[in-house]
Amino acid sequence: MNFSKEEVRDLIKAWIAISLAVSIAIVGLDAVRTLGFAVLIRAFVVYALTVGVAFLSHEILGHKFLAQRRGLFAEFKADDLFLMLAVFLSFTGFVFVAPGAVVISGVTRIDTYGKIAAGGPLVNIVLASIFSILARSGFELYLPLYAGQGIDLITTSYQINAWLALFNLLPLGVLDGAKVLAWNKGVWVALAGASALLFLGII
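Per my numbering, the sequence shown runs over residues 1 to 203.
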């Protein structure tokens, strides 16, 4: 895959902003005041390895890889306004994640557009399935937040990837689901069904 300097910068910026926003929203300012700034740093590491990796996998391994494989121009562009909004809203405990998107040009067929759109959620479904199997097999990888409290990276990665797949498959607006449904209803049903089952913990 080919990456421009601007794209690498935007990916890193989005990764940091998303991880920071989720960390602040989950940990909360009261915990930071009580337990110190170190708890926020530890939370940032946890969510950079879970939420951040799920996001990067969705955009790069899903959309960008498939588009470039078909000879199309594909580059991730961060949305600075939404990234700032995400961090700002996180102080209220609300998680808002709309970091940007892979901009693709040269697509003239609806099936090509649909397949590329399906790639992102599919990557998250595969990752969620892998982490689900690991979690059900008893694998754990805990990172401490503060005394007596920690987060299991395996379970969290499973939950985040399942949620990200399901959310993006909603057939609304600019989400992947609308493009997949317009291309192939059967594929959309299969992907949405799999992500829903994973999200609910059934598989």
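Hint data in this document are derived by calculation from the structure and do not stem from the laboratory.
Possibly wrong hints are sitting among the right ones.
[Said to hold, decoys possible] With a cut-off of at most 35 Å between alpha-carbon atoms, the simulated DSBU-like pairs for lysine-lysine come out as follows: (1) K115 / K5; (2) K77 / K5; (3) K115 / K179; (4) K179 / K77; (5) K185 / K77; (6) K179 / K13; (7) K77 / K115; (8) K5 / K179; (9) K77 / K13; (10) K13 / K115; (11) K115 / K185.
Each hint, compared with the structure:
{"no.": "1", "hint": "K115 / K5", "in the structure": "holds (27 Å)"}
{"no.": "2", "hint": "K77 / K5", "in the structure": "holds (12 Å)"}
{"no.": "3", "hint": "K115 / K179", "in the structure": "holds (9 Å)"}
{"no.": "4", "hint": "K179 / K77", "in the structure": "holds (19 Å)"}
{"no.": "5", "hint": "K185 / K77", "in the structure": "holds (29 Å)"}
{"no.": "6", "hint": "K179 / K13", "in the structure": "holds (27 Å)"}
{"no.": "7", "hint": "K77 / K115", "in the structure": "holds (20 Å)"}
{"no.": "8", "hint": "K5 / K179", "in the structure": "holds (29 Å)"}
{"no.": "9", "hint": "K77 / K13", "in the structure": "holds (10 Å)"}
{"no.": "10", "hint": "K13 / K115", "in the structure": "holds (27 Å)"}
{"no.": "11", "hint": "K115 / K185", "in the structure": "holds (12 Å)"}
Violation of the numbered hints given earlier is absent; every hint is satisfied by the structure.
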